[in-house]
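Residue numbers for the sequence shown follow the working numbering, so the first one is -10 and each next one is one higher.
What the hints contain is simulated information worked out from the structure, not anything from laboratory work.
A portion of the hints provided could be inaccurate.
[As the list claims (entries may be wrong)] Cut-off 20 Å, straight-line C-alpha distance, at most; resulting in silico cross-link-like pairs (SDA-like, lysine to any residue):
id : residue 1 : residue 2
1  : Lys90     : Pro131
2  : Lys250    : Met506
3  : Lys582    : Ala542
4  : Lys90     : Val132
5  : Lys90     : Asp123
6  : Lys582    : Met506
7  : Lys582    : Gln557
8  : Lys90     : Thr22
9  : Lys582    : Ala537
10 : Lys250    : Asn270
11 : Lys582    : Arg555
12 : Lys582    : Gln171
13 : Lys582    : Ser564
14 : Lys587    : Met506
15 : Lys90     : Gly160
16 : Lys250    : Asp445
17 : Lys250    : Ala542
18 : Lys250    : Asn220
19 : Lys90     : Gly169
20 : Lys250    : Asp216
21 : Lys250    : Glu275
22 : Lys582    : Asp68
23 : Lys90     : Gln504
24 : Lys582    : Leu481
25 : Lys587    : Ser526
26 : Lys250    : Asp174
27 : Lys582    : Pro510
28 : Lys90     : Asp177
29 : Lys587    : Leu569
30 : Lys587    : Val541
31 : Lys582    : Ile461
32 : Lys587    : Asn559
33 : Lys250    : Gly418
34 : Lys582    : Arg520
35 : Lys582    : Thr522
36 : Lys250    : Gly160
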Amino acid sequence: MRSGVLMLASTAVVWIICAIVFPLTAAAQLSFTDVAPELGMADEGLCADVIWYDWDGDGDQDLMVTRRFNDGNTYFRNDGDHFTRVDNTGLTPSTDGGMPKPADIDHDGDLDYWTRCYHTEGQMMVNENGTWVDRTQNMGLPVTTGWRDAAWVDVDHDGWIDLISGHYQMGFRLYRNINGSQFEDVTDTHQLPNFSQFAEMCEADADLDGEIELFITTIYREDYYFDNNGNGNFRDATTEAGLDLAEGFMGCKWADFDNDKYPDLLTQRADRHTIWHNNGNGTFTEMNVHGTEVLEWGDGSGYPGGAMYAVADYNMDGFFDFYAGIPGGCGYTTGQSQFMVMDSIRGLDIWFHDIALELGMDFHTSTNPTAIDFNGDGAMDLCTASNNEPLRLFRNNTMQNGNRLEIQPLGPNGERDRWHTRVEVYPHGGTQPIRVSELNSSNVSRNGFNSYFVLDENAHYDLRLSFASGTIMLPENYPQLNDIVPSQIGHLLTVRMGQTVTAVTEPPAVVNRLQMMPAHPNPFNAATTLRYTVPVSGDITLAVYNIAGQHVADLVNNHVIAGEHRVQWNASGISSGVYLIRLDAAGTTVSQKVVLLK
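Put together the whole structure using the sequences plus the hints.
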């Protein structure tokens, strides 16, 4: 692999395909650096999945590595300027674990997860005070091998997220979550897909009716699209939806490539990647996808190869790009991975170009790649693992002056299982959404559990949230969703699910003084997060000074609303030393010292 910083200039020519003015920025220069070794994440020869979430609830995205074929599992805690491998967390060392599916199943604020294991027994791991405990049998789930993919879906809209999991022999099973303490097999009372051999299951509210649909790829066989009629009853709508021609045989992702608010489907055929445009009426049309031809798929063994996707707006131009890890299976050599940057879109024509070779990312992978903003700088990074390659964490050096907004949706009691939350972003006072994070768990438009959008940080927006439980929050009823300026709220908004669609949220806690919370981490290496509270709305400055009193940087210098805010100081270009962080507002000054160590 090439060492050092990898750079490529990318230019986007954008055709607007509907009557919407998108607040796009020019495509930024793409630059990535593999920082895994220097951050303490060196690990060789991983046939594994890499799963990024804020597992410990401290605001940073942590990494769980689950290996295939009993090679052990690893948890890396994000400490801001480095990662710490944490043992004795309850992770089973000898599982054939593939892509754990996290959810706060018991509403205690901690992330639990279901691991679909094929060669070893599947596991329902419950987080009990920071330690995961295998509660599979205790909670009424079968202790058996042969599990393929799985999804969390609140099929009965009771607020408790249920489990749909596919088994190699038993087919699809639906387990109803009973108040977070038990799971009940209700497969026989629901209409579910009736086949067993499949590769991946991708769920989304494709028709925007509040119910989760399923697209399922199969190994060696045709694919299926199941429409959700409600209450977990699925019917085969593959042919009428036009997806009987999809022919995908490995990975799939739902992503709104044309920003029309309906999720489109990314998958592949034998010789190229394909995108199926969602027509908004229950049907799909194959787009003319230019530049995504695959020159090498399959290893001659009969295994079909395929691709696993990490979709994100990597160059922050307002449209999705995708990294295609082309695995085929652990130990198979099936083809070089690709990094597809979207150039333009016009009608049903969409253009990409592959920059993997220029970025040094054309190596073989073995499992699902993941897009994540691990360091909180606003740019989506990329993590990959491979059977014969080291763990790689590519830091995205692209910066757009903070042009993004993250939404953290929580349940009524602060639960973090609400990834099935559709967030729509509107220009303030507008009626047409310009960005949408879909009602699914595919990590598209997501940073962990948070919805993530590339937006002008100084523009004004309204939000609409639709929860899988049926609750809808509108800006006219919830003031915190009305007239949002990302730069004034630290680019992060936490929203707790309301009880009714018309209820007005409780007023926020009163902030009665200017205050800075301790920086985390401190001391730090490259970046530290600063949290502060402002008692009244007004102009503030948050600045950095060196020990000699010389001004180093302005972190915030504008009008902010009253309340708590968060900002990150990325000091990667600053020399080691002691620095003073000073907050000035309405004639009052507070400060704290931080130590930068390199």
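Structure-based check of each hint:
no., hint, verdict
1, Lys90 x Pro131, "holds (17 Å)"
2, Lys250 x Met506, "violated (38 Å)"
3, Lys582 x Ala542, "holds (14 Å)"
4, Lys90 x Val132, "holds (17 Å)"
5, Lys90 x Asp123, "holds (14 Å)"
6, Lys582 x Met506, "holds (11 Å)"
7, Lys582 x Gln557, "holds (15 Å)"
8, Lys90 x Thr22, "violated (28 Å)"
9, Lys582 x Ala537, "holds (13 Å)"
10, Lys250 x Asn270, "holds (13 Å)"
11, Lys582 x Arg555, "holds (17 Å)"
12, Lys582 x Gln171, "violated (49 Å)"
13, Lys582 x Ser564, "holds (15 Å)"
14, Lys587 x Met506, "violated (23 Å)"
15, Lys90 x Gly160, "holds (18 Å)"
16, Lys250 x Asp445, "holds (19 Å)"
17, Lys250 x Ala542, "violated (38 Å)"
18, Lys250 x Asn220, "violated (24 Å)"
19, Lys90 x Gly169, "holds (16 Å)"
20, Lys250 x Asp216, "holds (18 Å)"
21, Lys250 x Glu275, "holds (17 Å)"
22, Lys582 x Asp68, "holds (19 Å)"
23, Lys90 x Gln504, "violated (38 Å)"
24, Lys582 x Leu481, "violated (24 Å)"
25, Lys587 x Ser526, "violated (37 Å)"
26, Lys250 x Asp174, "violated (34 Å)"
27, Lys582 x Pro510, "holds (12 Å)"
28, Lys90 x Asp177, "violated (23 Å)"
29, Lys587 x Leu569, "holds (17 Å)"
30, Lys587 x Val541, "holds (17 Å)"
31, Lys582 x Ile461, "violated (43 Å)"
32, Lys587 x Asn559, "holds (13 Å)"
33, Lys250 x Gly418, "holds (18 Å)"
34, Lys582 x Arg520, "holds (14 Å)"
35, Lys582 x Thr522, "holds (17 Å)"
36, Lys250 x Gly160, "violated (32 Å)"
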